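Each of the two chains sits in its own frame; use the hints to bring them together as a complex.
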Amino acid sequence: MSERKIDEPTGVETTGHEWDGIRELDNPLPRWWLWTWYASIAAAIVYWVLMPAWPGLHGFTPGILHQSDRVKVVHDLAELKALRGAEAAQLQTASLEEIERDPKLQAYAMAAGQALFGDNCATCHGQGGTGGKGYPNLRDDVWLWGGSLEQIQHTITYGVRTGEPGAGVTLMPAFGRDQMLKDGQIDDLTEYVVALSRRPANRAAVARATQVFAEQCAACHGPEGRGDQTKGVPNLTDGEWLYGSSREAIRDQIVNGRGGVMPTWGKRFDPQTIKALTVYIHANAGGQ
Amino acid sequence: MTVVIDRTKGQPARAAGEPVSAAARVRAKAARGGGLYQPRVPIYPKLVHGRWRAIKWAMLILTLTIYWVTPWIRWARPNGLPQQAVLVDFAGGRFYFFGIQLWPQEVYFITGLLVMAAMALFLVSALFGRLWCGYACPQTVWTDLFIYVERAFEGDRNARMRLDAAPWSFDKLWRKTGKHAVWLGIAFGTGGAWIFYFHDAPTLIRGFWVGQAAVTAYIFCALLTVTTYVFAGFTREQVCIYMCPWPRIQGAMLDQHSLQITYRADRGEARGPHKKGETWEGRGDCIDCNACVVVCPMGIDIRDGAQLECINCGLCADACDEIMDKVGRPRGLIAYDTDAAVAARAGGKPAVYKLVRPRTLYYAGALSLVSALMLWGLTHRSVLELHVLRDRTPMYVRMQDGSVRDGYTLKIANRTFYPQTVAVAFRGLNGVQLKTPGAPATTGDVLVTVEPNAVRSARIFVIAPPGGPSGDTPATFIVRDRHDRASAQTVFDSGVPK
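Chains A and B, in that order, give the protein sequences.
If you're matching positions, the first sequence starts at 1 in the working numbering and goes up one per residue.
If you're matching positions, the second sequence starts at 289 in the working numbering and goes up one per residue.
These are computed hints drawn from the structure, not numbers from a lab.
Quick caveat, the model's predicted, so the values are computed rather than measured.
You may find that some hints are simply not true.
Heads up, simulated BS3-like pairs for lysine-lysine below, C-alpha to C-alpha not over 30 Å straight-line [what the hints assert, rightly or not]:
#	chain 1	residue 1	chain 2	residue 2
1	B	K723	A	K104
2	B	K334	B	K564
3	A	K81	B	K699
4	A	K5	A	K133
5	B	K467	B	K614
6	B	K699	B	K723
7	B	K334	B	K464
8	A	K133	B	K786
9	A	K133	B	K563
10	A	K133	A	K267
11	B	K614	B	K563
12	A	K231	A	K267
13	B	K699	A	K104
14	A	K267	A	K104
15	A	K182	A	K133
Reference listing, derived: stretches of chain B covered by chain A, where coverage requires no fewer than 3 residues with Cβ under 8 Å from a Cβ of chain A [unchecked claim]:
#	region
16	444-451
17	744-756
Reference excerpt, derived from the structure (chain A facing chain B, CB under 7 Å, subset only) [unchecked claim]:
#	residue
18	P30
19	L34
20	R101
21	G128
22	R177
23	Q179
24	A283
All residues carry an ideal CB built from backbone N, CA and C; glycine is no exception.
Extracted from the complex, chain B is given alone in its bound form (with noise of 0.2 Å):
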């Protein structure tokens, strides 16, 4: 069941005529019987100038261009490995990431990543609000892109409102198809550039146009451009307000002190329309205009206080603050402000604004905590790696001599990009020798040669003279390069019960 949550309740009751916000006139058009199904209610956000409005484009060209450039700088890398400097290589099973590159053994780290991204998220928001759904989540980019196409095709709000009223017409269609041809444009630059990520993008490119590229990389491009055709054209707020898990996570991050995009009731009420030249004694600064409503992307009402709608992107105190300066009232009627400042104003208290609290310092801390774990283990990552596989059928193998001999598969990771040979050796038994198909058996170190951003699986034989311990040994190999040494324990089986 979805949930419209309503906060309009103790709200002065409006005068006459139908409630403002498209989510009102949801629950308005319900209470008379909508019906078992819910169409959505088009949302037509007018265009708004303003200090929010222009870093949101800032934000957004930003955004944008670091996702459709970041595919295509390139980076040096020897022995014929990509040379695309961001690069999810799925067939080779690397992560490369500039001057780092991530086995899918070290998955830790992108987990360390995600926990470093929800920890950054739960700052924020405990600070300023929903930020990221504002300014940076790729829904609200993406949405106001597709909104800025439309405008430029259809004109604003109310040319908008009065084209989908009129009747088709030649002006209706070709603004209409110039529109949808533009945004389907739009959709597949974004599917095309997503598989740049998972392939070579140069050579991709290539294939991609002549029918040479893999399955795969059609499939995605074709889905990534339906998903933001349909999410940023069709379904825009439907995604935030249905799909999205956060709004309804964020009510736990959220406190009295947050910043958050807030109606100053204090300020604004008692709201009404008013006369030039009439006075402002004994009534609030809210000229009830909608200014703020019909600007709002979610299609809420702000003045109904802080609601899971919200993504606090500013537009509705941009749209207030143009109204402020035209009736000569002070801006910021609407503004990043906190519940407990608004309700230490309305008694008549002066503001407080508690930026470092319990919370924020928890968050701060986790935060720090997992970014100093991060780095250490990326500066302390070892480039060898080793793991031991003992055999199992047969556990020992007893010779003429009445040595014995265990057999061992060694796994040796070499994470750097040039060839290694490593030094193995085997410690917790004296006077072994060890033998490596192809080589005759030494009492020394056995050379194995890894190729570069490879695993190598080397079969070793140990064997004990005669006359060893008894019973299972604990032993360790170990596996050193120039710069480098890994080990592994294991076991030695004499083959003699204990």
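Next comes chain A alone, as it looks inside the complex (with noise of 0.2 Å):
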């Protein structure tokens, strides 16, 4: 510390600093600066008592008033179910068609059917619901078991090949695996069904499967390959491929046959989340 210095016009003793020749008045602070830290500290001690403060070797003093965001967290949500209540209400008694309709259904629908879906459903189908292989892709207007309101609806709540009751059985049987067609006539059978997709394929091929497919395929497929929504049997003949459109990639699917499962959602989720997730679902789709 320097020496104790006077400031000349004010009278006043100086910090002794000076910094390009300002010097610092040492004032006094005013007397309420020094109440406002006693209350300052008087808050802290009254927070103590009140609030959870002090750790200790197993927990922590917890306060009287035992505040908790655990807790707070808990009751906030069951605050927001009850909140939610009426528009979930309206849910459960207004169809399908009419919760798309009214723009205040529709946004609660929606709304709830973007998080339901995130959730629940992008796993597989993917975030923007756009599927992957073996994932059918729910923004187009292709529809395996059927794109309407209802038929979304049916399959969410019940499922595919699940071996629940009311979910889809039919699976395509394993061609080559189980020996049921020869080498050559799935080799055949590919180009035929690369030829029902307006592609260009090999002709000869295409005459040798003619009759393999109507004995083996046309049964579920239908003769012109249109496929089935009732069954979740594929149209051959709309460019989508589920387990993807390579010459390759189809002669696998009539080797190995392969299946997806979905889960039976009727199950863990309430009529009501079911209609919001269809309504998502299909509103976000190329509707039917």
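Quick look at the structure:
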């Protein structure tokens, strides 16, 4: 510390520091400033008593208010559920068409559906619902099990190939693996399926496979290969391929005959949740 | 560090005794070694009568009336919207001001209002000094009101000083208790009125008394009660000196031509006591009676010149005029005057007053500009607004027939108080169809109904036939109702690389 210096014009002692000729006066603080400090200390002590404050070996001092953010979150969630009650109740009574047409119900279903889809469906169908190999695209206008509101609701509720009552059961046979067809027949059939989607194919092979298709495939896929939505049989003429469009992918599917599984969501969700999800998917798809 | 600005340098040394202004007393005490902390020196402003005091009373009544009456003014709005003329509706995200209602997105109007207020303050300060501080600032108004109550219970300056010095007695007790009770009442009324600006006043006042109001209402009422009680009752001038930034900023607004409360030293010096019958020759008009000092609510001596503490309220001018009348000298020894005028008269030249100066022109120009912009903005404000969010997952969807569909979420804001049906159109791509959930695709416009005073989030799909342009095509969404129109730019993704 430097020696005591008095500022000439004001007669006030300075701190003794000097910057470029500017000195700082050492005026006393106003008393209320001190009181504010004491008040802060008092407030801190009150806080210790009221709120969780001091850590210990096995937890912490809970404070007499027993404030807990965890408890508050649970409480808030319950409140939120009660708040949503009105709209949720309307979802229960309104038909799917009414929900989609009414601006308020639609907005509620879309918001709820988006969250539900992200949490439950996006894992397989993708965040945007565009699917992937083995998982159907839900945004276009090609549907395995039907794209109307009621059909979508049914598919979500019962699922696909889960073994639960109501769920779809049809399965493509593994023509190659189970040696139902010979390798040459499968090669010809592959060409036939390529030709169905209006792509250039080996004419001789297509001609050879015509009878095989009529015998083995037409029962499910139809004589023209247009599929059947009531049984989840894909349309082979629409240019959409669940397991890939290349000759190798088509041949692989004829050999191994895979079929995807979708959970029975009716066991996990209540009907109005499924309704919200249905409207969300239908509204975002190339609706039917 | 707080700095007590001292302008006593160069003043004639006081002959004997203590300095008279409170600020000077603070300094004197500090010089004697007052310790680390400075107790507030109580100020006992004496009651004064006169022109400025009358204006101050009028301003007090006017501003307090505005404050207490405004939330109770009703204003008819349709469709279940608030019926309160002035309402800051945080829950609903709206600000209502008579015929105007602002949305949070239009906060720039508030910014403009604040800029206007700042410019007006600059202009007034450059012309007439701190009129705001002296007459209209809530700190001044409520302090004035509290001093009025104090005077009613404890008497004027001398009685109050005696009472504070006296030992506790029944008389002192009931006077002090009464004063604090009324102060708390006013403070509660102040805090209570504040919350009415944020909630429908008649509903809130009923809920408030039966414990049904929101917790925030009680918290803010208590907060404003405490701050009013403390700021107007106890800290008073310390708020202006230590807490408020404006006294420090105003130094940049004032110049030697700014009118402010001025002790006309050219006329007053040399000061000194004057006995009746003595000559006024060879001396100034100031009789050193300290009338200007004892009335000052800031505890300063105006004869020290313009200073940070002075709020320009003119009470010292009133006090001095009274004395000048008594001693038979002309009024206006302390008056609204400029430094330049005082200097000119001291030099024997006539005083010149310049209200029109570059500085005042700049401030007036800036104020007019901002006001004009605000007015233009308010009158040309669109009641329909559109924002478009393009789907990112997926960017596009290809249909069986080769057509491409892009999804968009339209945020359509309807700022009117009535439901509006808007027609949504898509421009930039030929032959497209629009589709919204719940309705079939159409080549025309899609109709969307938006609730009054609300934003509707609408899903719109644009379907382009096969064979359209590749790459991204710039496009525009247009929404129209009967009166208004809004548009937003977007892009149509064909899904085919360019």
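Do the hints match the structure? See the list:
Taken as a hint, the K723/B and K104/A pair is honoured in the structure, with Cα atoms around 18 Å apart against an allowance of 30 Å. Between K334/B and K564/B the CA atoms are separated by roughly 24 Å; this keeps the pair inside 30 Å, and the hint holds. With a CA separation close to 26 Å, the supplied pair K81/A and K699/B stays within the 30 Å bound. Restraint check: the Cα-Cα separation between K5/A and K133/A comes to about 85 Å, which exceeds 30 Å; the hinted pair is violated.
Under the criterion of a C-alpha separation no larger than 30 Å, the hint pairing K467/B with K614/B is inconsistent with the structure, at around 34 Å. Of the supplied pair hints, the one linking K699/B and K723/B holds, its CA atoms being roughly 16 Å apart against a limit of 30 Å. Annotation: proposed proximity of K334/B to K464/B holds, straight-line Cα distance about 18 Å (limit 30 Å). Pair hint K133/A plus K786/B holds up; C-alpha atoms about 26 Å apart against a cutoff of 30 Å.
Taking the CA atoms of K133/A and K563/B, the gap is near 110 Å; set against the 30 Å cutoff, the hint is violated. With a C-alpha separation of about 26 Å, the suggested pair K133/A and K267/A falls inside the 30 Å cut-off, and the hint holds. Annotation: proposed proximity of K614/B to K563/B holds, straight-line Cα distance about 12 Å (limit 30 Å). With a C-alpha separation of about 22 Å, the suggested pairing of K231/A with K267/A holds against the 30 Å cut-off.
Restraint check for K699/B and K104/A: the C-alpha separation of about 14 Å stays at or below 30 Å, so the hint holds. Only pairs whose Cα atoms come within 30 Å are accepted, and K267/A paired with K104/A is accepted, the gap being roughly 28 Å. Only pairs whose Cα atoms come within 30 Å are accepted, and K182/A paired with K133/A is accepted, the gap being roughly 26 Å. As drawn, the region 444-451 of chain B meets chain A at 0 residues by the rule of a beta-carbon pair under 8 Å; below three, the given contact is violated.
Given as covered by chain A, the region 744-756 of chain B passes the check, having 3 residues with a CB less than 8 Å from a CB of that chain where 3 are the minimum. Annotation: interface hint on P30/A holds; nearest CB of chain B at approximately 5 Å, less than 7 Å. At about 5 Å, the closest approach between the beta carbon of L34/A and any beta carbon in chain B falls short of 7 Å, and the interface hint on this residue holds. The beta carbon of R101/A comes within 4 Å of a beta carbon in chain B, closer than 7 Å, and the hint placing it at the interface holds.
Because the smallest distance between the Cβ of G128/A and any Cβ of chain B comes to about 3 Å, under 7 Å, the interface hint for this residue holds. Contact between R177/A and chain B, as hinted, is not supported at the beta carbon level, the nearest pair being about 31 Å apart and thus beyond 7 Å. The restraint placing Q179/A at the interface with chain B is violated, with a minimum CB-CB distance near 35 Å, outside the 7 Å limit. Hint on A283/A holds. Least Cβ distance to chain B is approximately 3 Å, under the 7 Å limit.
When each numbered hint is compared with the structure, violations occur for hints 4, 5, 9, 16, 22, 23.
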